[in-house]
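K.L.:
Residue numbers (our numbering), protein chains in the order written: chain U, 1 to 272; chain B, 1001 to 1278.
Derived by calculation from the structure, the hints in this document are not laboratory data.
Note that this is a predicted model, so its numbers are computed, not measured.
Yeah, the Cβ is synthetic: ideal placement off N, Cα and C, and Gly gets one too.
Some clues are possibly wrong.
Unchecked claim - Distance condition first, Cα-Cα at most 27 Å in a straight line; then the derived DSSO-like pairs of lysine-lysine:
#1 U:140 to U:194
#2 U:120 to U:140
#3 B:1242 to U:120
#4 U:140 to B:1242
#5 B:1213 to B:1242
#6 B:1078 to B:1232
#7 B:1213 to B:1091
#8 B:1232 to B:1242
#9 U:120 to B:1213
Unchecked claim - Sample of chain B residues facing chain U (criterion: CB under 7 Å; computed from the structure):
#10 1037
#11 1141
#12 1168
#13 1253
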Amino acid sequence: MRNQFVMSLMASVAVMVSSPILQGQEPAAPIPDLSGPWTRGQGGFGSSLSLSDPRMQKRGNEDDIPYQPWAREKTLSQRTSTGPQAQYYNSTNPQMWCDPVGAPAVYGWPQKTEFVQTPKAVYILYEYGVRYRIVWLNSKHPEDPDPQYWGHSIGWYENGDTLVVDTVGLNDKVWLDEAAHPQTEQMHMIERYKRVDRDNMRLDLTLDDPGAYTRPWSTFRNFSRSDAQFLRYQWECTVREVQAHTDTLAAPALAPGTPASLVSPDKLPAAK
Amino acid sequence: MHRSITSAVVLASMMAGAAILAAQTAAPPPLRSFLPIGRPANLPPSAVPDLSGDWALGVGGIGQSLSAADPGGRMRGKEPDIEYLPWALAKMMADVPPTGPDARFETNTDPNMHYCEPAGVGRIYNWPAKTRFVQTPEAVYLIHEVGPTARIVWLNRDHPEDPDPQYWGTSIGWYENGDTLVVDTIGFNDRTWLDQVAHPHTDRLHFIERYTKVSDTIEIRMTIDDPGAYAKPWPGRRNLRKSDTGFFRYQWPCSVRDNNENYQKVGAPGNPGATTFK
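Use the sequences and the hints to build the structure in full.
P.N.:
Structure, rendered in structure tokens:
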């Protein structure tokens, strides 16, 4: 608390110093307190980002996802691990290899999220995978960022209640959700985290990927505050456990007794 | 797989032996730790050292082994500062590291490389990547580029009574002498390697880290206190130096699929272009 107080004190001093007299600008927006931890709330997207089809019953034919033809084909060519069309043992879900889950797919999981706000950066911590992202405040995207799983994120505050996160530099290896919606390296993702009240936060998400979709599209989800300690359980994904699980259940697509089957590339289901 | 069968056999014979012993005399409970766990009572108050900045592996910090006496891993299994229990020595020597003097890359048994198992508390400092410390009044967040993953060190709490075993354990911490962050961790599982040369541990591991800031360096003094694997605690060392090359520019992810693709492409010594795990 003391640090936060010091921070906001420093912020107000900074605001006063660089006041409109000097800069001719609006004073900086007050900083909303996003401290959680946050868990899944009611409403918004589910396993699929599609608001018209959160349970993946019309995968590839959702009326609110503006696919380019190849992106629709790619979605339909993937084998999900959950939902009505799931082929768990033969799934092409990158989570079967414990690839970094990426955002927004991480929000398809029920584990908690925490924001650590500092003057220069916001760290968004995820229990799932035990991962984090950094949102750089007062910063710019690099000219030509290398594509990576979590991309390059910058952010700023708006209206005293919202953190806006702008992300580019993403790779094309992740699924956007459990429904296997693809993204390309052209993805530009805008997230608006709004603290609605003490116990509620809302994420409005805009996906702007001219490589895969014909126009930007939007979705949202709600979070509610959790009283449980953050990271009390470490939701690590390891391929050994995926294998143990699939082998125990005698996966039909994998010969029983070949525990390396998921790791051996010639036996991997095609990913692309 | 073989390892778990071997350790199951070892365990079974140990249990059988223990049962015979127990019938003769009531066996004492296994030693929980050599050193006291948690925050010492009557600790004098300390100023809070400023650990901000980006910290990379420093001179003398890069090593294969955590052993303070043998950072290069050349005396693997014969380090003067490590007293192994026999099973722990046998397990380590049966494991094949991917780097260092005993490396055989193409047949390595590294759980991180095969399965993307988490690096774990000691081994995370084996990567040539950076760490940040985000200090708040309630906790210190250890933000590692490797993974990318983060640990939380709770400052004003005690350990839970009986924590479930997990990869990163459960950590509490406090400051000492105005220059040191002490991190005390229990509640580990037994799956990670402590370092690049496969030093093993059990779920009784009590891992103590002392991060001391000395101008542009953070010295990490570790204590590996695991009566399940070692006959006495042993010291581990790493140094971090301040870095100004930017944080999180490379995200050091682990993906088994990427590992396979890369090693197929790159090949490995003695096995060009055909490295598969297993």
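K.L.:
It remains to establish, for every hint, whether it holds in the given structure.
P.N.:
Tested hints:
no., hint, in the structure
1, U:140 to U:194, "22 Å, holds"
2, U:120 to U:140, "12 Å, holds"
3, B:1242 to U:120, "18 Å, holds"
4, U:140 to B:1242, "23 Å, holds"
5, B:1213 to B:1242, "10 Å, holds"
6, B:1078 to B:1232, "15 Å, holds"
7, B:1213 to B:1091, "35 Å, violated"
8, B:1232 to B:1242, "33 Å, violated"
9, U:120 to B:1213, "22 Å, holds"
10, 1037, "18 Å, violated"
11, 1141, "6 Å, holds"
12, 1168, "6 Å, holds"
13, 1253, "5 Å, holds"
In this structure, the earlier hints numbered 7, 8, 10 are contradicted, and the remaining ones agree with it.
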